[in-house]
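Enquirer: Following the hints, put chain C in place on chain P, whose structure we already have.
Number of protein chains: 2
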Amino acid sequence: MCYNKDGEVKMAIIDGKELRKKKLEELKERIKGTKKQLGLAVVQVGHDEASNVYIKQKEKLALELGYYFIHKNFEENVTQEELIKELNILNNDDKVDGIIVQMPLPHHLDASVIQNTISPLKDVDGLTYVNAGKLIQNVDGLVPCTPKGIIDLLDEHEIALEGTNVVVIGRSILVGKPIANLLVNRNATVVLCHSKTKNIAEITKNADIIIVAVGKKHYLTADMVKKDAVVIDVGINRENGKLYGDADFDNLKDICSYITPVPGGVGPMTVYELMNNVHLAYTLRKKK
Amino acid sequence: MCYNKDGEVKMAIIDGKELRKKKLEELKERIKGTKKQLGLAVVQVGHDEASNVYIKQKEKLALELGYYFIHKNFEENVTQEELIKELNILNNDDKVDGIIVQMPLPHHLDASVIQNTISPLKDVDGLTYVNAGKLIQNVDGLVPCTPKGIIDLLDEHEIALEGTNVVVIGRSILVGKPIANLLVNRNATVVLCHSKTKNIAEITKNADIIIVAVGKKHYLTADMVKKDAVVIDVGINRENGKLYGDADFDNLKDICSYITPVPGGVGPMTVYELMNNVHLAYTLRKKK
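Chain order of the listed sequences is P and C.
In case it helps, the working numbering puts the first sequence at residues 42 to 329.
In case it helps, the working numbering puts the second sequence at residues 42 to 329.
Looking at chain P on its own, in the form it has when it is part of the complex:
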């Protein structure tokens, strides 16, 4: 438990499940205002166990929201041409507002080419070059879901971003790089750290907000964080059937002013943000 400057008790643990619930209610209201049934298409190659689980989660929430949902599952040996043909059909299908290609793809397929076949207007993972470029240029577009979830968690708790020093650890195109850009666009000063960064603890110790997305259990330890910092933990590390974050939650929770738990922090927001992106994609496409 933490206290603010006036000695009042602050709720230190950010509850992603609670915010997801609230945001879903708001989304349901927004959906009522749309003139058509929203549609999401998921393209999968092969039968990867983890992918199956993720797709089921997406399907469940999509159906709960009343979305039209298509799951196109290709065999492992599908050719790039077949996949591109299918994506072009979905690009031109007015029932479909959002398209995602479930990663990973088999090695004989060029993930970049396939991802960039998706129309930027239906790219609800925000991974096409066009949407990545819009993000860096601070132009409205579709933004990856996990970074958007992080921003929503920070905003919900009225954590100021402008003028703060933020450290992002991890430079993936799905999390680290887009969240760094979103935060720069929100007037934070951002340090993007990664595996080649030296003296990382010296950098994190100066941070008001730390976003850790490295995929290593309890990578961020208490000695790396200054008092009252905010820690956002994007890690999902499985060990003996249990989930662990990238942050050493138990030892950090009394130092931080806010921290996200794993599970129950950033994770629950991601599928909500995907559904929200489907709605946003629809509104962006109708403006065209």
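Just so you know, the hints here were simulated from the structure itself, not pulled from any lab data.
Please note: incorrect hints may appear among the correct ones.
Calculated cross-link-like contacts (lysine-lysine; reagent style BS3-like; alpha-carbon spacing at most 30 angstroms) [as the list claims (entries may be wrong)]:
1) 126(P) <-> 63(P)
2) 267(C) <-> 239(P)
3) 64(P) <-> 113(P)
4) 97(P) <-> 63(P)
5) 113(C) <-> 329(P)
6) 246(P) <-> 113(C)
7) 267(P) <-> 246(C)
8) 62(P) <-> 101(P)
9) 237(P) <-> 239(C)
10) 239(C) <-> 267(P)
11) 97(C) <-> 58(C)
12) 283(C) <-> 294(C)
13) 126(C) <-> 329(P)
14) 239(P) <-> 329(C)
15) 327(P) <-> 126(C)
16) 62(P) <-> 258(P)
17) 76(P) <-> 62(P)
18) 237(P) <-> 268(C)
19) 239(P) <-> 126(C)
20) 58(C) <-> 239(C)
21) 268(P) <-> 126(C)
22) 268(P) <-> 239(C)
23) 63(C) <-> 73(C)
24) 268(C) <-> 239(P)
25) 294(C) <-> 239(C)
26) 246(C) <-> 237(P)
27) 328(C) <-> 294(C)
28) 258(C) <-> 239(C)
29) 63(C) <-> 246(P)
30) 126(C) <-> 267(P)
31) 246(P) <-> 246(C)
32) 97(P) <-> 113(P)
33) 237(P) <-> 97(C)
34) 239(C) <-> 64(C)
Derived, one-sided and incomplete: chain P residues facing chain C with beta-carbon distance under 10 angstroms [stated by the list, open to error]:
35) 96
36) 97
37) 100
38) 160
39) 161
40) 173
Backbone N, C-alpha and C define an ideal beta-carbon position, used for all residues, glycine too.
Expert: Same frame as chain P, but now just chain C:
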């Protein structure tokens, strides 16, 4: 004058004119290997005095290199549709390998829409969403000229980038953001600072390399820089007919291990990089 760890004198001042000369000779050799005359088209709206000077510089170097050069100059009242039509003609003209729209444009034109009408394969300013997205995703594409010039200057002096702490001051889409991305792709740890950054001197004092692009005469002062840091000055500030950089050169040159002067540092590299991008655009387009 500076000394390295062994007490040897190091050349502290980075000479952009000299490197430009060397790089131009290398480019001339590369051009000999191309099967066609390279072509650059510059589209200008109105008759802005500074734009005229920049275009003349580009034309001069293009002709020196034997490029085909077209300058399309529209009146101030040209419509967006006319401009888009012209850009599409240039996109489809095989004689043209690179296209730039000279900024600024009059307010009745949407600069984003016009810039993004240029085919990403001919976008030698590297400003389309597609090329900005490729840069952040570390995929080969066309990169803005000034950031490329900075990388060439650093590489020429064998200034290590991997694992260094770099501070970039200024977050423009033409300089600050792309150089930050290029440096992250080269395994530097990058802090992107801007007008909302607090305590900037504390941040710059920890930097191994500082890149300053804020457009304020002598913004970066000696007390903001640690000994033996590298300072790259992108500023071009005119005062009473004289040019000044963003760095207080006279007081910094004895502290830094390397520093670029203004004029004669980053500036001379930029037009060379444009000509190099025309060649690169040709090779990328031929691969398609």
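Enquirer: Hint by hint, where does the structure go against what was stated? Just the numbers, ascending.
Expert: 1, 6, 14, 19, 20, 21, 27, 29, 30, 33, 34, 35, 36, 37 and 38
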